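From first to last, the protein sequence lines stand for chains W and G.
Following the numbering used here, the numbering of the first sequence begins with 1 at its first residue and continues without gaps.
Following the numbering used here, the numbering of the second sequence begins with 1 at its first residue and continues without gaps.
Hints in this document: simulated from the structure, not taken from any laboratory.
If you're wondering where the values come from, they're calculated on a predicted model, not measured in any experiment.
Among the hints, erroneous ones may be present.
[What the hints assert, rightly or not] When the alpha-carbon atoms are kept at most 30 Å apart in a straight line, the in silico DSSO-like pairs for lysine-lysine are as follows: (1) G:718 to W:64; (2) G:644 to W:64; (3) W:64 to G:648; (4) G:33 to G:131; (5) G:462 to W:120; (6) G:789 to G:764; (7) W:119 to G:764; (8) W:64 to G:764; (9) G:689 to W:13; (10) G:713 to W:64.
[To be verified] Among the chain W residues that face chain G by a calculated CB cut under 10 Å, a handful are: (11) 19; (12) 79; (13) 82; (14) 85; (15) 94; (16) 107; (17) 110; (18) 113.
Here a beta-carbon is modelled for each residue, glycine too, at the ideal position from N, C-alpha and C.
Spelled out from the first residue to the last, the chains are:
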Amino acid sequence: MEIQNVLLVDDDKNIRFLAQMCLQDLAGWKVNLASSGQEALDILSQGKPDLVLLDVMMPGMDGKTTFTKIKEFPELCDIPIIFMTASVQTHEMQAYLDLGAVGVLVKPFDPMTLADQIKKLMAN
Amino acid sequence: MNWLVKEKVGILFAGVFGILLITAVICYQHTLKLIETGKRVTQSQQVLTELVHAFSFVRDVETTQRGYQVSGDDRLLSPYIIAVSRMNAHLSRLKELTKDNHEHQRRIPELVRKIERRIALAEEVIRIHQKRRLLTEEEKTRADQGAKLAQEITNTIRHMETEENDLLSLRDNKLAESTRTTVIAIGSLGVLAFVLLCLAVYFTQLFVKERQLRLEEAEKAKANLDATLSSLAEGLARLNQEGQIEYLNPAGQRILGWELSEIVNHNFHQLVHDHKQEGIFVAESWCGVEEAMATRSACATFEERFLCKSGLSVIAQCTYSPLMFNQEASGSVLSFRDATEEKHGQSLNYAQLSITKLLAESEELGQDELDKVTEVLCKAFDWDMGLYWVVNPERELLQCAGLWHSSKIVLQEFHEEEIRGLHFVRGQGIPGEIWQSAEPRWITEIAELSTQKYPRIERTIKAGFHSIFIYPILVSGRVIGAIEFLSHEVRSPDHDLFDVCASVNSQVAQFLERKRSEAKLLESEEVFRQLAENIREVFWLESPDLSQLFYISPAYEEIWGLPVEDLYADPRSFIESIVPEDRDQVMQYISEITKSPEGSVAEYRITRPDGSIRWIWSRSFPIYDEDGNVFRTCGICHDISERKEIEKRISEFYSVVSHELRTPLTSIRAALGMIEGGLCGPLPEKATKLVEIARTESDRLIRLINDMLDLRKIEAGKLELHLEPCQPNALVDATLNAIQGMANEASVNVVSDVETDTSVSCDKDRIIQVLTNLVSNAVKFSQPGSSIKVKVETDDTGSCRFSVIDNGPGIAKEHMHKLFEQFGQVDSSESRAKGGTGLGLAVSKGLVEEHKGKIGVESKVGIGSTFWFELPKESNEASQS
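Just chain G, same shape as in the assembly:
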């Protein structure tokens, strides 16, 4: 489209120009014509004038001649003389004017001849007339001839006039025609030219607009490109064929520190490539620019050192590409980015990694390892020498344990052996001070240090060192060593080095900690092994589902008679040893291990391979992880066969004792009872008293035996309760019935105050036994005439409280805690006098606790005591279910 507009405008302008040219030519021609025609018209008019003049002269001549003839007055001849004198001039003018008119040319000589003849005739007439002064015939003839000639001349002139007038009108018409044609031609061409001009202007405007648009687009594109190049984080440079810088984007300027105006047209390689770095000269032929130009392809990205304006160098990662124009390399483009930080970071990471690896793989921190640590750090941070100091706690010295120095340094001042032998006491020299202060120290210029304070520093200065950095290695706040760095350059503090040193410190600390815990572990393993192998107990660690056994002590083999390997192979195999009757119980025990932190306990029998039966007591505990989930279980078990045997024997013994004691007691008690009952007739008073004493003491002995057996059963956990729902008032009534005789004897009134009819689940006989104990105690200690109340109430929790309230002497606080112990009477002699066994409250306590209840006493000396016990609701439910 653009092309079309441009073409159109060109053609249109060409058309306008052509038309104007044609118009100009036409105008010129027509103007010439008009001028010519105008000339002719003027000529015709002059001819006519001349003819009029000629005519009038002829007339004058005629008139003058006649007048003279008539009057003879000479004065009348003057017009004639004038006419004659001028006639020739007019005639020659006429001749001149009609040069181009053949008709007139032909006539004019004749006219002239005639006029001359007429004049000659007139002169003759005049001369004749002057001679004679009379009108003679001759004169008359001549005059007639003259008149006749004059008429002829007049005719000729008139003819010429007529002709000339015709010519004039013809010429006028021609002039008018020419003028019109010219106007029309010029007008139409003018209109055409105007139209074309308008079109041309219109298209020109279009074209201009379009060009403007394109210009704007181009500017926008340029702005975009500029913005892109400015925003680019990477440096971008364009070099010409000679390697001179033509363009460098802002990022590039920033990286290199040069303004574009400063380096434009400078040779990039010479200006920027750091030739001297690390003593390696980079020849121009190695330069990527050359290579890119030569190979005409992008060079692989590689790292180079670029020299900045500041004189420092950066590590640049750069790519060179040839700048291609029409398949010709007209320069090169270089993109680069500052990888210094990255490289630095990489080298830090590398240093840290190396140290971590070194420490992880090392068995100990010897000279080799410390030399290596020092080397890695020195290389990573470009220090010339490094020393690793270690505190020797025995000698109280800080000794050099690791050393590294760069190959550039020739140790003239110090021999390596000498350095390795260096040591400082606490507070002495720079390392000694660090040992004391435990703070890192950076000395930018050691020459500024006082040589009096640091006498050894002189040699260090002499060795060309300027900066020193020393970092203490701390473990649990205690300095165990230090790392020292020395540099030939003056260096300002480097935070990265601080950080890496801190990291090395923590790694060394971890290493030492690891070593210590490894040693500890070995030690504790040894302790554990000694325990495990020498304690004749079975204990183990396993997974909660018993799928994996982590450890079991060797005593297992002794008790089970089976190899532990079998158990490791199948941890559940121990169940097979258990006698079938006990297996359900054991499965129950296993399932309960993980249910509470207390774990679970079981006693079961196993059959050993030799057929013998052993009793095993076993207890297991859950082990929780951080989230509170059971992830292991542990347990202990031992052989309780002997204990079981002893228990059995004791049980049998008690049974036998019970029977064997009771049998004679039965006879004694029966005999005494019958004597006392008067079966043998009346007894003397003293004998009656003696028999009564014997009988009551027999009763006490029986109670004592009963209570002892009860206690024994409670303590052995052999007491079996037969729980059933009981009405509290029934329990109280049964007690009161049993005790009534005793109460009557003591003249004590025992009343029941049962406020509840909620049944309570309990072993009826046992609760009556407890109540009897409490009420009989109350009766024993009550004054005659006083009363005792037995109260029963239930509280909100559903537990049932039995209280025995007396108005007895009360119990002092200091004695209360002993009451429920065996033989814990306040005053045993008094109690015994009243028939107590000393076991009643202990048995009561045991029985109540067997019911999962509580027992207690509240008492005030001089006012009375309240013995109470509570049976919980739980036992109710348990029994009813």
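Okay, chain W solo, but in the shape it has when bound:
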């Protein structure tokens, strides 16, 4: 599946900026940004992206809650979601996969290979 639209949800604006830059500049994907779970839900209500990159630790609605809410919408439940986390806990990663995530990206990520990593996860 060809990725064209990506929604990136992260509370850190530097990371939003850097991830958007490397995905747009290196992979040529259109990256929409949301700074919180709620904002992500709002954006998703307007249009459906090909992939959601979701940060786990966010103030207010965290990544897991956001994930669950997204999955509650029938029209959104088929959107692939990849978690991004600064944690290295293996069991947490497994927990995300068990929830139905496509994959987990560990922060910090290598910006030059980020798109490739996402593609690899999507292929799996």
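For this one, chain W is given, so just place chain G on it according to the hints.
Using the frame of chain W, we list chain G on its own:
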């Protein structure tokens, strides 16, 4: 039967005797008869002879007369004269012989008359013829008359002969008859007597045999009785009415020391009863013999002192019984046994018992107790005086602490107070010597001791003492006192006394030991109480099934907020305080206490009565008895709520730190990565170098944070492994893929040598992390162009060994042990230059050990190193199950 035989024999002998008597009488009578008959026969024969003579005389007369008549020759007259002269004699004999025959008596006078007439006629003829010498008529008439008379005489004689012959034959027949009758009578009586005699002999023999049998039986019975009496262990004596000894069995002789022959017919009471013992006189009327005779019944068994031949006395336990004959007491029987040893043993036992009782009931060994001990021993062994010496360690003196003397002794030489004040220094006097030597001493005669050496002994001798025995009281080989005995008699060593003293010694030692351990116990109880009441820890002792609580420290009330009394009443009640979610875990913990000496550990929460929750850490241990069975458990617990709170905060802190550090690092690393990746266009060479440095250091910082978090988790026991079966080659391949870039950069060839396809149970990511650590270390330290081998093999036990073999510089032995410590690099500067965090091997070690595996290194400087780790089979099974 015996009676019958005897009777029969008597009757038979009487019969034989009667028959013999009758036979004798009959014989006598018949013999008389025979003699008489014989006489008659002889008489008849004589009568016949006489008659023949008479006849022949008559014939002679006739013949002579005729001859003379014819011849006239006078010479022819001579036979006639002879006949005439003898005729009278024969006739008177005939008369005499036929006295009893009336017929003959009647005839004989006539015959005599006729013969006389014939003779007269013949004489007349002869006279006539002489006158005339011629035969005249007268002569002729006379001669005819004579012839006629002669014929008559002849007839008479013949008649008498005939008669006499008849009589003879009659008498002969009678004689023969008598003889036969006598023979028959004597013969038949003889046969009868013989038969009776045989019978009598037969029965006599029977009788004799029977008597012999009875005699044998009687002898056997006597032998049995003798054997019984000889074998009897008890003494047995028979006394006559006067109390004199008639019999004494061997045991009795043995006990008393007398031979039977020596004392037979002696008065038992006077000889044997010890009248003088202990000054008590035993009157004869008290003697059991008298009593037995008087009451005619067995006297109850009682103890008496019997005097032996040797002059010693024995304690005899005896029973007197009257000797009854036809309901008349004809003496008495006395059975007795020597109870001296027994009594002695009893008194020893009594002494020991008394001392044991005394020591058991005493609180201390004061003068009263020691006086009593001395008294008991003296009385039991018959000593006149006893002293108990005690070492006074402060004054270095042996002092008299106990004293007893018999009432018989009047202490003239010593006053009691004086004795009680006696003391000796070590080595001085007999007690002092014992103190020094620690050996008991028996002095048979103190008079033989040197008065120079023992100056005090003179007074002791003067007081009439002869023998001394002194026994040291030892505790743990040290003399703490001595018991001394003195006697007015000369006494030889008594082993029993040694034994009892040894026993008293051990009892005193035990007493002192008991006192000491009681004091110790009090002391340790006090120590324990102080500990228990002041340590703010809960600890306890209880039965393995929790049914009984022996002790719990008061801190329980503080932590649980419940009274300990409730717990003592129901030791399981603490479970009710535990929050329901933790109860299963606690039950598991309780069940595991007795399973191994290490016991078990648990952490759980309780709800206190005020509603607050407390975290409790608890550890329990089993207590084993001598047989190795668990008979108690003990444990300790404390409130870890604060620790739990801190742990929680630390955990949160790490989590926050992790996130907060990573977030800026993510931005830095991403920005640097994009610059380095040329997203902002080409950079000048120096800038490229600087950006690379910034990027690699960012990577190292990230690794450092990751390793620190891992170590923190391992140390806190918070690392959770997700075990799954993994193929070793997959693990190695994943590692090599990850490391390939780095290896290429260093121009190091990394090869895989996986010899096993047995899957291993492990946390895949963690093992890859370990392998990556090891391989990246190897790459860092390998020369460009060298190669590294990653080898995997399984051994017999099923454990899987991973080895990373390099040809690097190797590690000196002295550095090896530090390798797996945090920041334990051999040369930290070099390592850091190569991007190491200093935590990789420490994290690897922790991860391998979390897998219950082992990690290690083998290395030779200049040749290379092999880092290896082993994953055990157990974790395989655990994961698969």
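Distance restraint between residue 64 of chain W and residue 648 of chain G, which requires alpha-carbon spacing of 30 Å or less: holds (22 Å)
Proposed proximity, residue 13 of chain W with residue 689 of chain G (alpha carbon, max 30 Å): holds (28 Å)
Restraint outcome when residue 79 of chain W is required to lie within 10 Å of chain G by C-beta distance: Where the cut-off is 10 Å and the nearest Cβ of chain G is about 24 Å from residue 79 of chain W, the hint is violated.
Interface hint compliance - residue 82 of chain W to chain G, C-beta minimum distance less than 10 Å: violated (15 Å)
Interface hint status, residue 113 of chain W versus chain G (Cβ within 10 Å): Hint on residue 113 of chain W: holds, closest Cβ of chain G at ~9 Å, below 10 Å.
Proposed interface contact between residue 85 of chain W and chain G, which counts if any beta carbon pair is under 10 Å: At about 9 Å, which falls below the 10 Å cut-off, the nearest Cβ of chain G leaves the hint on residue 85 of chain W intact, so it holds.
Restraint status (C-alpha distance of residue 462 of chain G to residue 120 of chain W at most 30 Å): violated (124 Å)
Hint status (Cβ of residue 94 of chain W to nearest Cβ of chain G, threshold 10 Å): This hint holds: residue 94 of chain W lies near chain G, its Cβ roughly 7 Å from the closest one there, short of 10 Å.
Hinted pair residue 119 of chain W and residue 764 of chain G, Cα distance within 30 Å: Holds - the C-alpha atoms of residue 764 of chain G and residue 119 of chain W are around 23 Å apart, at most 30 Å.
Pair hint outcome, residue 789 of chain G versus residue 764 of chain G [Cα-Cα no greater than 30 Å]: holds (20 Å)
Distance restraint between residue 718 of chain G and residue 64 of chain W, which requires alpha-carbon spacing of 30 Å or less: This hinted pair holds, its Cα atoms lying about 23 Å apart.
Evaluation of the interface hint that places residue 107 of chain W against chain G, nearest CB under 10 Å: This hint holds: residue 107 of chain W lies near chain G, its Cβ roughly 4 Å from the closest one there, short of 10 Å.
In summary, the structure is inconsistent with hints 4, 5, 12 and 13 from the numbered list given earlier, while agreeing with the others.
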